[in-house]
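Working from the sequences, and respecting the hints, build out all of it.
Here the protein sequences come in this chain order: A and B. Residue numbering for the first sequence is 1 to 296, as defined by this note's numbering. Residue numbering for the second sequence is 1 to 215, as defined by this note's numbering.
By construction, these hints were calculated from the structure, which means they are not laboratory data. Incorrect hints may have been included.
Under the rule of at most 20 Å between Cα atoms (straight-line distance), these lysine to any residue pairs were calculated in the SDA-like manner [said to hold, decoys possible]:
hint, chain 1, residue 1, chain 2, residue 2
1, A, Lys268, B, Ile77
2, A, Lys179, A, Gly93
3, A, Lys13, B, Pro45
4, A, Lys13, A, Gly25
5, A, Lys13, B, Thr124
6, A, Lys13, B, Ile121
7, A, Lys39, B, Val80
8, A, Lys39, B, Val81
9, A, Lys179, A, Ile200
10, A, Lys13, A, Ile29
11, A, Lys39, B, Leu74
12, A, Lys179, A, Asp97
13, A, Lys13, B, Glu56
14, A, Lys268, A, Ile200
15, A, Lys39, B, Gly122
16, A, Lys13, B, Gly122
17, A, Lys13, B, Pro85
18, A, Lys13, B, Ile44
19, A, Lys13, B, Phe69
20, A, Lys39, B, Ile77
21, A, Lys179, A, Leu40
22, A, Lys39, B, Phe72
23, A, Lys13, A, Ile23
24, A, Lys179, A, Arg166
25, A, Lys179, A, Gln190
26, A, Lys13, B, Gln127
27, A, Lys13, B, Ser126
28, A, Lys13, B, Ala120
29, A, Lys268, B, Ser105
30, A, Lys39, B, Thr79
31, A, Lys39, B, Pro46
32, A, Lys39, B, Phe69
33, A, Lys268, B, Glu56
34, A, Lys39, A, Arg50
35, A, Lys268, A, Val257
36, A, Lys179, A, Arg102
37, A, Lys13, B, Leu123
38, A, Lys179, A, Lys39
39, A, Lys13, A, Val24
40, A, Lys179, A, Leu196
Here is what each chain is made of, one letter per residue.
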Amino acid sequence: MTAPILYDNPGPKARRRILIGTIVGIALILALIGYILIKLAGNGQLEGQRWAVLFDPRSSVPQFLLDGLVATLQVAALGMVSATILGALLAMGRLSDHRWVRVPATTFIEFFRAVPLLVVIFAAFLLPPSFGLPISAYAALVVGLTLYNGAVIAEIVRAGILSIDRGQSEAAYGIGMRKWQVMTFILLPQAIRRMLPVLIAQLVVLLKDSSLGFIIGYFELLRSARSLVEFFRVDFGDQYSFQIYVAAAVIYISVNVVLSIFARWLDKRLARSKKSPEGETLPLTAEQFGAGGGGV
Amino acid sequence: MDFLIENIDLFADAMGQTLLISALAGLLALVLGTLLAAMRVSPIPPLRGLATFYVEVFRNTPLTVVFFFIIFGLPQIDTVVSPLPGAIVAVGLYTSAFVCEAIRSGINSISAGQAEAARAIGLTFSQSLREVVLPQAFRTVVPPLGNVWIAMVKNTSIAAGFFIAELSALLPRLANAAADELIATLFGVVIAYLAITLPSAYVVSRLERRAAILR
Chain A
1 MTAPILYDNP
11 GPKARRRILI
21 GTIVGIALIL
31 ALIGYILIKL
41 AGNGQLEGQR
51 WAVLFDPRSS
61 VPQFLLDGLV
71 ATLQVAALGM
81 VSATILGALL
91 AMGRLSDHRW
101 VRVPATTFIE
111 FFRAVPLLVV
121 IFAAFLLPPS
131 FGLPISAYAA
141 LVVGLTLYNG
151 AVIAEIVRAG
161 ILSIDRGQSE
171 AAYGIGMRKW
181 QVMTFILLPQ
191 AIRRMLPVLI
201 AQLVVLLKDS
211 SLGFIIGYFE
221 LLRSARSLVE
231 FFRVDFGDQY
241 SFQIYVAAAV
251 IYISVNVVLS
261 IFARWLDKRL
271 ARSKKSPEGE
281 TLPLTAEQFG
291 AGGGGV
Chain B
1 MDFLIENIDL
11 FADAMGQTLL
21 ISALAGLLAL
31 VLGTLLAAMR
41 VSPIPPLRGL
51 ATFYVEVFRN
61 TPLTVVFFFI
71 IFGLPQIDTV
81 VSPLPGAIVA
91 VGLYTSAFVC
101 EAIRSGINSI
111 SAGQAEAARA
121 IGLTFSQSLR
131 EVVLPQAFRT
141 VVPPLGNVWI
151 AMVKNTSIAA
161 GFFIAELSAL
171 LPRLANAAAD
181 ELIATLFGVV
191 IAYLAITLPS
201 AYVVSRLERR
211 AAILR
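What follows is the structure in structure tokens.
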């Protein structure tokens with residue numbers, strides 16, 4: 001709610017200026033859109049027949065793009081499940097009382113958080129074959145996504161567990177629970193509620209990152225679009241290229257926007273339903289996790 | 001180890017490319033992101049809408065798709081971009097959305113009294129933003145901007161898939177040329193990335209301490 005603080009309620013003069021600004025702004029945006037449309041039309045990119053190919057089953061374009069989308073979602077879904085499991089295990093490892101568990105878990109987390117995801121994926125793709133183990137692009141992508149995001153999720157889970165009031169675990173120990181019981185019955189259930197929005201935001205990032213499969217040659221959405229373009233180039237030149245690229249981008253963006261909206265909705269819902277008497281179960285924000293760049 | 005020393009030029013060149021893309025894209029992202037943040041809090045509705053739309057779209061687009069569009073898509077409408085500027089623009093445009101969000105959170109964290117006082121002494125919107133709010137906002141956003149910078153350095157690795165010979169691109173390249181030295185290559189690449197990100201993290205934490213506002 002900064003907007004009203006930064007400027008006065010506009011008086012007649014200011015309102016006129018804002019109106020002028022609005023008209024100029026709209027004119028500029030329209031001019032930009034118009035310029036793009038003219039540029040596209042000049043190239044004949046707007047002809048209906050060129051776009052129709054995207055929806056014509058006989059061209060096999062829709063099927064191909066759908067297959068690509070399914071492949072993307074498949075990798076992302078598998079990566080999401082395994083990264084979450086790995087993250088939870090690593091977080092508990094890092095919080096362990098035993099040095100021989102804590103130190104390796106911490107090293108693992110810090111290492112994979114510091115290395116670019118693409119390097120992890122390249123390593124997963126190139127290393128096993130050099131030891132005589134063949135690995136598919138699919139498996140390498142899932143392994144890379146799991147290791148990298150597992151480390152990131154571990155930090156999210158750890159912050160969630162640490163945010164639970166100490167009285168909770170003290171009370172649980174007080175009634176005679178064991179360490180694993182305190183973790184599974186008392187701490188984790190409460191921590192999950194708090195970290196859910198951040199966790200889902202990270203899973204959206206994972207879905208975005210599955211597009212890296214393009215680089216190692218996994219047939220996800222982008223790679224499918226690219227190979228379609230190359231396939232059509234033989235007979236039709238670049239007639240349909242732009243349209244196919246646009247379609248792939250639009251599909252990617254819409255899937256991500258839908259997931260982001262879901263995350264925001266969940267965030268609001270969790271913020272509204274305060275279960276504990278003090279209303280302490282407010283979900284944490286990304287800043288509290290020190291993960292401002294985590295979603296980049 | 002010998003392998004790394006023999007190929008030190010190759011690694012240095014690749015690291016130079018990574019640093020070049022990071023520096024220029026970072027500059028672009030900082031300027032564009034600040035502009036977008038100013039637009040998002042401005043009194044003019046279409047500017048607010050445009051900035052919000054930009055941020056929503058780029059935050060929900062994988063960087064690979066941005067690259068893909070700039071390198072393969074733009075030539076289809078007669079705008080050929082060569083790989084290096086293309087990479088800088090792709091990373092810069094993508095990161096600016098995150099910079100905008102970080103700065104906006106900083107603007108939101110400035111206490112309302114500051115902006116009210118600025119208005120009370122008769123500063124206009126752009127004056128109070130420039131002279132009062134943004135200087136303080138930049139100080140509070142040092143840690144999130146630092147995180148964005150480090151994530152961006154790591155993100156430049158995606159340029160490897162689009163004809164840039166930066167650090168990550170060494171892996172597939174040397175995996176073919178020197179297959180038995182793969183682990184040494186991997187080691188070198190990881191060290192090179194750490195040589196950028198770890199000092200960055202240190203500088204950010206130093207800056208954070210110096211820029212912190214005592215409230």
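For each hint, the structure was consulted:
no. : hint                : verdict
1   : A:Lys268 - B:Ile77  : violated (42 Å)
2   : A:Lys179 - A:Gly93  : holds (13 Å)
3   : A:Lys13 - B:Pro45   : holds (17 Å)
4   : A:Lys13 - A:Gly25   : holds (18 Å)
5   : A:Lys13 - B:Thr124  : holds (13 Å)
6   : A:Lys13 - B:Ile121  : holds (19 Å)
7   : A:Lys39 - B:Val80   : holds (14 Å)
8   : A:Lys39 - B:Val81   : holds (16 Å)
9   : A:Lys179 - A:Ile200 : violated (28 Å)
10  : A:Lys13 - A:Ile29   : violated (24 Å)
11  : A:Lys39 - B:Leu74   : holds (11 Å)
12  : A:Lys179 - A:Asp97  : holds (10 Å)
13  : A:Lys13 - B:Glu56   : violated (33 Å)
14  : A:Lys268 - A:Ile200 : holds (13 Å)
15  : A:Lys39 - B:Gly122  : violated (45 Å)
16  : A:Lys13 - B:Gly122  : holds (15 Å)
17  : A:Lys13 - B:Pro85   : violated (44 Å)
18  : A:Lys13 - B:Ile44   : holds (14 Å)
19  : A:Lys13 - B:Phe69   : violated (44 Å)
20  : A:Lys39 - B:Ile77   : holds (7 Å)
21  : A:Lys179 - A:Leu40  : violated (64 Å)
22  : A:Lys39 - B:Phe72   : holds (17 Å)
23  : A:Lys13 - A:Ile23   : holds (15 Å)
24  : A:Lys179 - A:Arg166 : holds (14 Å)
25  : A:Lys179 - A:Gln190 : holds (16 Å)
26  : A:Lys13 - B:Gln127  : holds (18 Å)
27  : A:Lys13 - B:Ser126  : holds (16 Å)
28  : A:Lys13 - B:Ala120  : holds (18 Å)
29  : A:Lys268 - B:Ser105 : holds (18 Å)
30  : A:Lys39 - B:Thr79   : holds (10 Å)
31  : A:Lys39 - B:Pro46   : violated (23 Å)
32  : A:Lys39 - B:Phe69   : holds (16 Å)
33  : A:Lys268 - B:Glu56  : holds (18 Å)
34  : A:Lys39 - A:Arg50   : holds (16 Å)
35  : A:Lys268 - A:Val257 : holds (17 Å)
36  : A:Lys179 - A:Arg102 : holds (15 Å)
37  : A:Lys13 - B:Leu123  : holds (16 Å)
38  : A:Lys179 - A:Lys39  : violated (66 Å)
39  : A:Lys13 - A:Val24   : holds (17 Å)
40  : A:Lys179 - A:Leu196 : violated (23 Å)
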